[in-house]
Structures are given as C-alpha cells and as structure tokens.
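Heads up: the sequence lines are chains A and B, in that order. The opening residue of the first sequence carries number 5 in the working numbering; numbering runs sequentially from there. The opening residue of the second sequence carries number 28 in the working numbering; numbering runs sequentially from there.
Hints were generated in silico from the structure; no laboratory data involved. Just so you know, not all the hints are guaranteed correct.
To be verified - Not close to chain A: a few residues of chain B, all C-beta gaps over 12 Å, as computed: (1) Y53; (2) R95; (3) D115; (4) L138.
As the list claims (entries may be wrong) - Taking lysine-lysine and the BS3-like style, the derived pairs with C-alpha atoms no more than 30 Å apart in a straight line are: (5) B:K84 - A:K522; (6) A:K690 - A:K654; (7) B:K130 - A:K517; (8) B:K84 - A:K517; (9) A:K517 - B:K67; (10) A:K744 - A:K899; (11) A:K522 - B:K67; (12) B:K130 - A:K869.
Claimed, not checked - Cβ-Cβ distance ranges computed for the label pairs, FRET-style: (13) B:M28 - A:R77: 55 to 61 Å; (14) B:M28 - A:Q666: 36 to 42 Å; (15) A:Q666 - B:A120: 52 to 58 Å; (16) B:Q97 - A:V535: 43 to 49 Å; (17) B:P134 - A:T750: 57 to 63 Å; (18) B:Q101 - A:A228: 51 to 57 Å; (19) B:P134 - A:K522: 32 to 38 Å; (20) B:Q101 - A:I523: 33 to 39 Å.
Just so you know, these numbers come straight off a predicted model, no measurement behind them. A virtual CB, placed ideally from N, CA and C, is assigned to each residue, including glycine.
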Amino acid sequence: MNPLLTQFLSEARDFLQSIAEKLMQLESAPNDNEAMNELFRAVHTLKGNSGLFDFPEMTRVLHAGEDLLDAVREERLAYSRALADQLLDAMDFVGMLCDEIESRGAIGAQHASVGAELAAALREFMTSDSDSAPDAAPAAPADLARAVASNTPDSIFLAPPAEELLAIPEDIRRAAWQRAHDGASLYWLCYTPDEQCFFQGEDPFFLAQQTPGLLWGRITAREAWPPLAELDAYRCLLRFDLLLAITRAEIDQHFRYVPEQLTLTPLPALALVLPVGDGKDSAEGEDFASAALHQLETGSLDALRHATTVMLELASPQRWLASALRWLLLLLDTHAARGAVRLLLESIRDGATPDWRQSGTADAAAQATPAPPHGDPDTPAALLPRANEVAWEILAWQGEVLAQASRVAALPGHLHAAATTLRNCLRALGRPDDTRRVDEALNEALATSSAAPLAACLQRFLAEAGATAAAPVAATAAAPASSPVATTASDGEGEPRFGRRADDLLPGSRTLKVDQAKIDRLMNLIGEMVVAKNALPYLAARAESGSSAREMAREIKAQHAVINRIAEEMHDAIMQVRMLPVSFVFQRFPRLVRDISRKLGKEVSLVVEGEDTEADKNVIEALADPLVHIVRNSLDHGLENPQERIAAGKAAAGRIALTARQEADRVLIEVRDDGRGIDPAHIRRKAVEKGIIDADTAHRISDQEAINLVFAAGFSTAEQVSDLSGRGVGMDVVRDALEKVSGTVTLESEVGVGTCLRLSLPLSMAVNQVMVIESDGQAFGVAMDCVVETVRLPRSSVHTIKDSLAAVLRGRIVPLRPLNTLLGIEAPPLCNEADELAVLIVRHGSDNVGVIVDDFRQTCDVILKPLDGILDALPGYSGSALMGDGSVLLVLNLKELI
Amino acid sequence: MKRILIIDDAATVRLYHRQILEKAGYLVEEAFNGLEALEKALQAPFDLYLVDINTPKLDGFGFLRELRSQPITQTPAIMISTMAEERDRQQAAAAGANDYLVKPVRPEQLLAHVRPLLGEVST
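Same shape as in the complex, but just chain A:
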C-alpha cells in the first residue's frame, strides 16, 4: 500500500475515534462549543482527506455529516440523540470502508447505495428540522434514496405506469421480455443528473449511454425549456429513463458516483406486455379471446398457439389486436404462467389494456420473472436509438447554419463551429473515420472563404444516410460498440451491511504511537552501547600482549557489568515503548454501554477511572475481549431494569465502574456494578443441574466457592439466551483468556448490592523471570511469577495422605506433587546430602502447591518464545527460552501440569 494511503487510514482511524468520543461527550453536554468545533473540524478534515482518493462513497457520507454538523454548530439545528445515532452509524460505515480499503485496497461498489442512504438520512435532519436553513444543500430526498436502496420483491408493482412503458417500442419490449425469460432481471432506471453536473466534470449522456445492459432509453426535460434568450445551457435539466437488463451490483458499480440521483425500480417483465395499435375493440378479438380462454382452461395449449398464429396472419399488423396476439404468442412460447396468459386473453376480449398491477397476478408475475438474476455480461447498445435520430437532425440543421454563414469576418468561426458539430455528430453516430472528410472540407472552405465545400460535404453525408439507413437503428447496429466489460460484482449482493459494532474487535491499528522522550532515551542508550562496544578490541589487544589471565578476567567482568547495565536499560526502554495506556481498551466502552443499555431499555452510567495506567501492548490487547464480555454480562444480567431498581430502592440508573490501577508489577482492573448480584443458592442449584458438582458438594462449599463456580467450564447462568449474551461464551473463556497472559480473575458479589470482578495482569510479558530447576538430570524453567518460595523439607516431614503427598508448612497443609510424576518421568525425587527434598511452592488458584524437584538452580531473565508448529499443541509448556550458554530451556506451565 502506498504511504499516502497508509497515512490516510491511520489518520482516519484517529479521527473516527475522536469523532465518536466527541459525539458521546456532546450527548451529556450538548452546549459544549469547543467539543462541537473539534467534532466539526474532525469530520471536515476527514472529508477533505478522503477527497484526495477515489472514495466517493466515503466522501459523500462525510460531506453530509459535515453539512449537518455545520448546521448544528451554527444553531440552525438542535443536537439530539437521534442525530448522534445517525452520525455514529455513518461513522461506523466510514470505519468499515477504511477496513475494506486496508484489506482490499479499494471500496466495493456494493457500498454505494448504503452510502447514499446514510448521506440522505443525515441530510434529512436538515430538511425536516429546519426549514429556515438558507443553504441546506440540495439534498436528495430521502425517499428517493430509499427507492435506490430498496431491492425487495415487494416493490415489483412500483413499476412505472403503463403510459411510460408504452413509450418503449414494442420490439424492444419484446426483446426485454425475452431477456427476462432467459434469466436477466429488468430495471427501470430514472437518472436525474445534478443541475450543476457540467461543472463537476460529469457527462450524464455518456454515463447513461454506457450503462451495461441498456435496452432502451430516452431523454426528456425535467421542466419546460425557457425561451432561448433565457436558456442557461450550462444548467442540466435532463432526465434519463432507461430500460436495463442488468444486476443490481452492476448498476451500483456504474453509477457509483451519483447514486443519489437515481430512482431505480425493479421491473416485472409482465409490466412490459402492453399491446399497442388502433382499434382496441373488435368483434373478432372478442370471439377469438372467448374461444382461446376456453382452450386455456382445458389445457389445450397447442390448439391455442395454432389459433393464435392463424389469427395473427389474418389481422393487420398495425392493429391493436395484432400486437396483442404477438404478445400472446411470445407468452406461450416462453411458457409464461397461465394466470398471465389468461389476463392477456381477458384484456383482448374486453378490448382493454391489461392491468398487471391487478391483485392476484403478483405471483404470476413472480413466476414470469425468473428470480435469480444472472449477471451475464451485456454488450451495451452504442447509442440510445432516439439519440441517433437527434444526431441526424442536428446534422441536417447544420446545413441551414452553413447557408446563413455569409458575413466574411465571422465566416471562419462559423465554419469551425459547424465542422466541430459535424465531427461530434459523426463520432456519436459511430462513424469516426468520416471526420477526416470533414477536416478536408473545412480546410477547403477556409481556403476559399466560402461555406460551400462544407455544405457539400454535409449533403453527401445526409444522402448516404438516406440510402443506407432509412431506419436509424441500422446505423446503431453498425456502430462499433465500445463495450466496457461489465464488471460483475456479484459477490456484493449477499454481503452484510457494515456489521461493525462497538464490541467487535479493535480496528487493526498496527502503528504504535510513542512518546518522543521514550525514543530519545533509547537513542542515548544506543550511543552508550557503541562506546561500551569499543572497549572490546582494546581488551583483545591486552590479551594478545600477554596480560595475565586473572587480570583479563577481571577486566572482562568489569566490561560485562557495563554492557549488562546498558542492556538492562535498553530492555527497560524498549518495554516502555511497548507500553500502552489502558484507555486503548477502555475508550470503546462508553459507546458499547450506550448502545447496549439502550437496546436493553436500561439506564446506565459508566464511570471510567485510571485510563492512563500503562501496560505492555500484548497485555492490553489480551484484555480487550474478556473485558467486553464482563461488561456485557454486567449490562445484561447484572443490572436490573429501571422499574426493578426503583422497586428495590435503588436509583433508576445503574452504575458500572471501570477502574484500572497499577500495583507493584501488576495492573489491576476492576469492573464493579451495583446490580442484583449473584445468588449463591441459584448458582448451587444450576451447578448441580449441569452436573458440575454433586448435591453433597453443593451443600458443603462456601458461598464464595459457589460463586466461583461461574468460572467452571460449561456454566452459564443466563435464564434465556439473549441477543447480547447468546454468543456461547461463558466466564470460563474469560478466565482462560486471562490466564494465557498470566492474568487472574476473581469475583465478589453480594445479592442486591452488586458484583465486582477483579482482573490482575502482569505489566509486561515480553521478558520473563524464570527459575531454573532440575529434575531427573534435565533443566526446566518455571515462571517466577507463580513461585511463592523455595523450601527444603526433610524427607521425614512429607506425609502420604490417601494416595497423595502433603507436608505441613508454617501451620498449613500443602499438597505436594513430584515433578517427575507430573512429567511422566519414572524416577523418584532425589534428596540432598541432608536427606531433604527440594520443594518449589507455587501459587495454584488461591492455594499453594508444593512441587518436588531434584534441585534448584539460578533465576534468570529470558525472552520466552511460545512453542510453535507441531509443538504448539503440547500441553504443559508455556514456551522455550534461549540461555546464555546457547542451550534451550523449556519453560513449564505449572498451572496446566498440576
């Protein structure tokens, strides 16, 4: 990806974050002018940035948002929840587009209509709420945009009235019917370009003409043309009506820059079955139809077809009846639904235009219109047929222009103008080669200062046209159709909308923002390191010159101390670089709580404290998902409805407090709610029901132990699976996720008062302190953070209780496990000379467990690498580390082993 785009995405994400924050901030303090200005500036700048790229969908939505905020800023419009909702939606959409740009490098065309819809919805606030707005942008009416977006089969009888469709020549309608029968879907598209479109570099005619799957089109004026003297030629008053056999995705793709200027109606093929001609009422029609209806009822379709063919030969082709018969034949040939045939026959009998909107034919229409739209690549007709005629008309008029061109001074200008018109017309007619003849004629005319050569040239063209194409359509067919490959973005149709929710994964920001001071410190340390390194060649020279080994050893040790200090400081410095504030995770909770509480109909105030607390990037990232789950649980199960709360004598609004603080080398995070709390009795019952514990145990355990059962695998207290928590994730997953980063979680709850979850995580995890221990001649590492102490116990003080070992240590019974047994090594633990066992006391949940090893060695700092590849599945190890002597140390995961 190019650097500019990378920069854009990174900046865009920052803006989106700050926009969301400001929007929510303004909800509680709508009169905060400074926040309002910052909000406006962020949207404005983001829009400006997006304009540097080809992201019309994004720019459009942002532009609408900017205009809306401008109105709010100037107090033409009041800030409201609904408005904030709409803006947040729009920003989610923009965020989704950013994600798509990042992963695919571009925005899929299928987003165009959603973008238009969102922009229209934003603009609707301005049009509906403030009529006084003087410069409310020429917004696309929302219903128009909705029509664009609607793609539901319900709208099939929104088809344009029959009078409009009658403008389409019968043969084209028949062709369209055939296309629909072959599986294409038909659309009636009304495209009204912006009045100022010529100033925006748009070419509506070209755009319409190039529409893939174009079957027919016409251009009309939106309003009566003003007198010539007042006509503003640069104001576009055109309206294009197009009949298309095309897929929705292709339309979105083709018109992606102007989706708000379209009205799109899916057209049932039946709506096109409209006979035309003179003499609707005719006795022979009535007789024929009555007989035919009978044949239809009896199912003798072959007889019906035969009768129709005979009748068609008898009828004059210009008659209405003939037209109706031709349609009937086509319907029969394409195996249209019987209901449709009947309706057509009835209309022949009654001499009336068939009314396909009539109730009861909807299913017939649905059958007749094959449902699955194939995105078959269409070769577009080179021109709208009507446009062709116009071109010839323009050519003919040039004759008159040339005839009037007499004034000598103006003659060259006249000639040039006429020649240009000629060339353009010829090109439009698909005869670009003939423009050379025009150039020749123009040169001759200029040389002789007479219009005659050009006029003669024009006459020749007109004469040729008369000879070759009485019907201009022929010229169309001969035209070299420039056929743009219809890009079938068919994958876009079924894609979900911008399914981003506040609780989804963090946007993939891979840029780390680092305080300048941290980098400077690292820079200084590198400088020191370079100096320290320079001492080594000096030492080497000393060794060569024959210094004593003892002296050398002393100097090397001294130098080691220097380098060691620098390395430690560098390590610390780089860890600082990796530190992120927890606000990185906390920042999305205001939005999450707002959205979910609204959905649940609860009132919740969120209090966030200690956002500046820092921890290693990996820890912070590992925190995100569990925390979301916990907060959702609080919202969903912990907090009561306002009514319940009032009944319980609490404030209507619940409270969730999210706090973070640092304690020694750990980050403590607390999620506290003042909801209904967890009922231990309920948990006991549930646990027994689910077979997690038996009834006896349930009676024996303490309330706290009962509450802790929510962390047991497969335990979920939710009475019903709600929309919010129905993700199949229980608290056991939360616990597991935290344990992966050596974190712990504890739960306290009091019925009726609230629940508090405490998460404790290490500050950093890139470097671990491990203790090296020995077992059966092999060395293993054990993470220091789970080691409580090391003791040597006389063998005699180890007791065997049932099948397991235990010892009394400081007045408490500590269960003992020989490491050899845990690892499946068949060797008894070794004792030292004093007949003592080496026991490593480790934390296991809230208890201590003693692990019997052969011997302790030193502790050291290692960089722990998780096992990967095939070893990844190996339980019992948290990773491997490279030791100073080049050997590899396997680090045990005692939590899993015990």
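The hints should help you fit chain B onto chain A, whose structure is shown.
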C-alpha cells in the same frame, strides 16, 4: 533549493502535498497549525507557504496577517481550502494570500501555481 512550508492540520494532506513538491525538487517542511508555522518561519525564512485556512489554534488567516505585519516576512503564500466561494477567495486575498486553491488540488495544478510564485517559468 527552494524551501516550502506546508501548513495543514491533516497529516494526510501534508503528506500528499509533500510528495508532489518533493518530486518536483523542492525542500519541504510541515507545520501543524499557524502558531507552529510562525515559529518555523521566524527560525529560517521560507520561499513559499502553502496555508490551509482551517487549522486549530491559529488559523490560516491569522498566520498570514501576522506574517504580513513584518517587513521581513513578505514571502509569497498560497491559501488552500475546501471552500470555493468567491467570498473566501476575497478574504484570503485580503489577508495577504498571493493565490488561492480549492482542495483537493491536483499535482499539476499545485505545481502550476507554485512555480510562478517562486519566480520559475511554469512548464
């Protein structure tokens, strides 16, 4: 080499303009807002300023007025904005801008406006 200072609060826009100008052989520096730009301008004068109107703290107009108040800092400046109204152009001219461009500016367009102000013949 001619030195140009880009003043814009949007990093993307700064990078965009920087890429165009550096490719054309200019030395480019950036400033986030008018205040920062003033400081840079006083440290070492530039040959040209590209000024975004809407910047935080001190906006483009303010920056230009300040710049024009000192006889030693009469460097040419191009104002760049998303607003295309005639009123905005006049305001920019009144504040002392030599030229006015509407965002987004195409590369060749930017260079065509930059070169004459630096006394170079536009190609």
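We went through each hint and held it up to the structure:
1. For Y53 (chain B), the non-interface assignment is confirmed: its Cβ lies about 17 Å from the closest Cβ of chain A, beyond the 12 Å cut-off.
2. Its beta-carbon lying about 25 Å from the closest one in chain A, R95 (chain B) satisfies the requirement of being farther than 12 Å from that chain.
3. Every CB of chain A lies more than 12 Å from the CB of D115 (chain B), the least distance being 14 Å, so the non-interface label holds.
4. Distance check on L138 (chain B): its Cβ is at least 16 Å (rounded) from any Cβ of chain A, clearing the 12 Å threshold; non-interface status holds.
5. Of the pairs offered as hints, the one joining K84 (chain B) and K522 (chain A) holds, with about 27 Å between alpha carbons and a cut-off of 30 Å not exceeded.
6. Between K690 (chain A) and K654 (chain A) the alpha-carbon distance is near 27 Å, which keeps this suggested pair within the 30 Å criterion.
7. In summary, the hint linking K130 (chain B) to K517 (chain A) is supported, as the alpha carbons are separated by about 28 Å, within the 30 Å threshold.
8. Simply put, K84 (chain B) and K517 (chain A) have alpha-carbon atoms about 23 Å apart, close enough for the 30 Å limit, and the pair holds.
9. Among the hinted pairs, K517 (chain A) with K67 (chain B) is consistent with the structure: their alpha-carbon atoms are about 24 Å apart, no more than 30 Å.
10. Distance hint between K744 (chain A) and K899 (chain A) is fulfilled; the C-alpha atoms sit about 11 Å from each other, no more than 30 Å.
11. Pair hint K522 (chain A) plus K67 (chain B) holds up; C-alpha atoms about 25 Å apart against a cutoff of 30 Å.
12. A C-alpha spacing of about 50 Å is found between K130 (chain B) and K869 (chain A), which places the hinted pair above 30 Å, so the restraint is violated.
13. Taking the beta carbon of each, M28 (chain B) and R77 (chain A) are about 42 Å apart, not inside 55 to 61 Å as hinted.
14. Between M28 (chain B) and Q666 (chain A) the C-beta distance comes to about 50 Å, which lies outside the given range of 36 to 42 Å.
15. For Q666 (chain A) paired with A120 (chain B), a C-beta distance near 56 Å keeps the hint of 52 to 58 Å intact.
16. Checked against the hint of 43 to 49 Å, the pair Q97 (chain B) and V535 (chain A) passes, with Cβ atoms roughly 46 Å apart.
17. Taken as a hint, the range 57 to 63 Å holds for the pair P134 (chain B) and T750 (chain A), whose Cβ atoms sit roughly 60 Å apart.
18. Checked against the hint of 51 to 57 Å, the pair Q101 (chain B) and A228 (chain A) passes, with Cβ atoms roughly 56 Å apart.
19. Judged by the Cβ atoms, the range 32 to 38 Å given for P134 (chain B) and K522 (chain A) holds: they are separated by roughly 37 Å.
20. A hinted range of 33 to 39 Å holds for the C-beta pair Q101 (chain B) and I523 (chain A), which are about 38 Å apart.
The structure fails hints 12, 13 and 14 (numbered hints given earlier, in ascending order).
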